[in-house]
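Q: Sequence:
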Amino acid sequence: MPNIHKPFHQKYRPNNLDELVGQKFISITLKQALLTKKIAPAYLFNGPRGTGKTSSARIFAKSLNCQAFDQPTITPCCKCDLCRQITDGSALDIIEIDAASNTGVENIREIIERARFAPTQARWKVYVIDECHMLSTAASNALLKTIEEPPSRVVFILATTNPERVLNTIQSRCQKFDFRKISPSDIFQHLSEIAEKESIKYEVQALKMIAKRSNGGMRDAQSLLEQLNLLPEGITINNIQNLLGEVSESELTNLIKSLVENNPELLIDSCNKLYDAGNEPLQIIIGLLNITRDLLLHTANNKYSDLYYTSDEFRDELDKISKTINKSTIINWHNNLRNIEYQIKSSDNPRLWFEIHLTGLLHSQEINSFENKQESKNNTTEEKHESRKNIPINKENISDEIPKPSIQEEKTHKELIEKKDEKLEKFEVLEKESIENISENNQNNHGSNLKDKWELILSKVELPSTRMLLSQQAELESFDSEKITIALSPNWESMIKSRKVIIENTIKKIFGDGIILNFSTKQLNKNNPTNTPEITQNEVNNFRPIKKIESKTKIEPKTNSSTKISNEETYDDSSKNLANFFNGEIIDLDE
0 MPNIHKPFHQ
10 KYRPNNLDEL
20 VGQKFISITL
30 KQALLTKKIA
40 PAYLFNGPRG
50 TGKTSSARIF
60 AKSLNCQAFD
70 QPTITPCCKC
80 DLCRQITDGS
90 ALDIIEIDAA
100 SNTGVENIRE
110 IIERARFAPT
120 QARWKVYVID
130 ECHMLSTAAS
140 NALLKTIEEP
150 PSRVVFILAT
160 TNPERVLNTI
170 QSRCQKFDFR
180 KISPSDIFQH
190 LSEIAEKESI
200 KYEVQALKMI
210 AKRSNGGMRD
220 AQSLLEQLNL
230 LPEGITINNI
240 QNLLGEVSES
250 ELTNLIKSLV
260 ENNPELLIDS
270 CNKLYDAGNE
280 PLQIIIGLLN
290 ITRDLLLHTA
300 NNKYSDLYYT
310 SDEFRDELDK
320 ISKTINKSTI
330 INWHNNLRNI
340 EYQIKSSDNP
350 RLWFEIHLTG
360 LLHSQEINSF
370 ENKQESKNNT
380 TEEKHESRKN
390 IPINKENISD
400 EIPKPSIQEE
410 KTHKELIEKK
420 DEKLEKFEVL
430 EKESIENISE
440 NNQNNHGSNL
450 KDKWELILSK
460 VELPSTRMLL
470 SQQAELESFD
480 SEKITIALSP
490 NWESMIKSRK
500 VIIENTIKKI
510 FGDGIILNFS
520 TKQLNKNNPT
530 NTPEITQNEV
540 NNFRPIKKIE
550 SKTKIEPKTN
560 SSTKISNEET
570 YDDSSKNLAN
580 FFNGEIIDLD
590 E
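Okay, so the sequence shown: first residue is 0 according to numbering that gives the first Met the number 0, each after it adds one.
Hint data in this document are derived by calculation from the structure and do not stem from the laboratory.
Careful, some of the hints might be misleading.
Calculated cross-link-like contacts (lysine to any residue; reagent style SDA-like; alpha-carbon spacing at most 20 Å) [stated by the list, open to error]:
no.: 1; residue 1: K452; residue 2: F478
no.: 2; residue 1: K175; residue 2: N140
no.: 3; residue 1: K326; residue 2: K272
no.: 4; residue 1: K344; residue 2: L306
no.: 5; residue 1: K496; residue 2: N448
no.: 6; residue 1: K23; residue 2: N238
no.: 7; residue 1: K508; residue 2: S477
no.: 8; residue 1: K196; residue 2: Q226
no.: 9; residue 1: K322; residue 2: N289
no.: 10; residue 1: K5; residue 2: D87
no.: 11; residue 1: K496; residue 2: T465
no.: 12; residue 1: K322; residue 2: S249
no.: 13; residue 1: K272; residue 2: S249
no.: 14; residue 1: K211; residue 2: P183
no.: 15; residue 1: K521; residue 2: P463
no.: 16; residue 1: K507; residue 2: L462
no.: 17; residue 1: K180; residue 2: N140
no.: 18; residue 1: K211; residue 2: N238
no.: 19; residue 1: K521; residue 2: P489
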């Protein structure tokens, strides 16, 4: 039979814990568990794709069952029958289950029943449940008891890329290991070893670019390396950009130059070249953001090559551009570019929107350059003033050089001083008058503001009785951002305070939860309440009862029907309270 090709991610899968790339802490912990023979009943491996979860599960199974040793080992031989069967995935006692296709309770019941039987060939029976977060809630609950107290010589290894969806009850019964993304330097080193073994011609910068574009996943990097190896030119930067659909860095630098030079013609021409090369507007935006990010690092004089997204051949060009631009301009570009994505996705003509936004960046560049010129002018003028202040002055020489004034000049000087004093006195008088007027206006405005706020509070009170009570027996005394004080009539203080909760809720709805309500007591002057017209004495007299006169009929008054009570007489408490409630006085009282 002809040899079947094995992809790189299978061919170069690690065979022991020492070969596990980028997960040093996890390999040390698992090796220590094997050496001390402290094997947990269940393990939970979680992390991004391509970080070694399934590989670690197979290595752990080999370490437990390698036939070259009588006990668990940290260096399985990978040559015995059982190690080879585990590598191929055909071992009877090492069961790998895809939870995405076995999600039901019946599948879990089958696993539980098979776990009761002793292993046939290996020392330990290992169940590897991949993508365990896909199990249903009922299936996960059915697995709980078996994971917590499995039969002897049975180990469960759960692997997932989404640990948040795994039940907390399952996580608490497992030893949890967090697999992190692999660093680009570790990926580059591993890829260079594979390239040497496979006799692949490559550019060093191209391998570094593969390591950065893989986003911490070793399997992605190995697959990309194998795919690039099929091209006749080998592994080059241009091939990587074409394969990944990235925008040409040379065209992007031309685009950046047109923005820096404020050249709209060159800008639109560069966009057309990028469109003709088959690039989409979103890809161009991503490329622009990456290059402007590198420009920001260049302006900060940082020389960390691992942080740059662009290749080394364009670093010198970026250095030249960074000397002609400042940080504020680049940050402004970022703020404008990050909001374009949604508009381009939802637009019928994304190309037009993209060009409009880029020409808007030209306008911002002009503003920034103008601001920089203004700042430079201000700095020069300040330096000139400081230089003038710092000039040493010799007072003796100046006094000698200045001629003494004559008698006529002294007289005119005195007259000028007297006129100046008169003007100053007039100005002081006018200033005092203006200050008094301003203070009076402020007091009037303050009072009107309190009145408006009080009317607003009353309008928002839900209960009519509480609204009427407050309008007659309370007023707004002071108001600021932290507290509000309401003055209460002494006679009705207790009743209004009993409704404090209603008033507080109303104030919080209007002004927010941060305001504190306080009460004070004072005698209110409510003769002219809010929104109530003034009543003259003549109108009061008109409100008194009028005797009815009927034609040709005379009605004699009844002696016992009614008696007038003067203001000097005493009244009962109920009448007084009624009058006080409306801030009035008793004129007549009919019994």
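Q: Between K344 and L306, does the CA-CA distance stay at or below 20 Å?
A: Between K344 and L306 the Cα gap is close to 29 Å, so the pair fails against 20 Å, i.e. violated.
Q: Run the distance test for K211 versus N238: straight-line Cα separation, threshold 20 Å.
A: holds, 15 Å
Q: Below or equal to 20 Å on CA atoms is what counts here, so check K23 against N238.
A: Distance of about 33 Å is beyond 20 Å: violated.
Q: So if I understand the rule, the pair passes when the alpha-carbon distance is 20 Å or less; does K508 with S477 pass?
A: holds, 18 Å
Q: For the pair supplied as a hint, K322 and N289, confirm whether the alpha-carbon distance does not exceed 20 Å.
A: holds, 18 Å
Q: Regarding the pair K5 and D87, is the alpha-carbon distance no greater than 20 Å?
A: holds, 12 Å
Q: Decide if the proposed pair is consistent with the structure: K326 and K272, CA atoms, cutoff 20 Å inclusive.
A: Between K326 and K272 the Cα gap is close to 28 Å, so the pair fails against 20 Å, i.e. violated.
Q: For the pair supplied as a hint, K211 and P183, is the alpha-carbon distance within the 20 Å limit?
A: holds, 6 Å
Q: Between K496 and T465, does the CA-CA distance stay at or below 20 Å?
A: holds, 11 Å
Q: Would you check the hint for K521 and P463, treating anything up to 20 Å between C-alpha atoms as holding?
A: Distance ~24 Å between K521 and P463 Cα, so the pair is violated.
Q: Is it true that the CA of K521 sits at most 20 Å from the CA of P489?
A: Distance of about 7 Å is within 20 Å: holds.
Q: Is the straight-line distance between the alpha-carbon of K452 and that of F478 20 Å or less?
A: holds, 9 Å
Of the numbered hints listed earlier, those contradicted by the structure are 3, 4, 5, 6, 15, 17.
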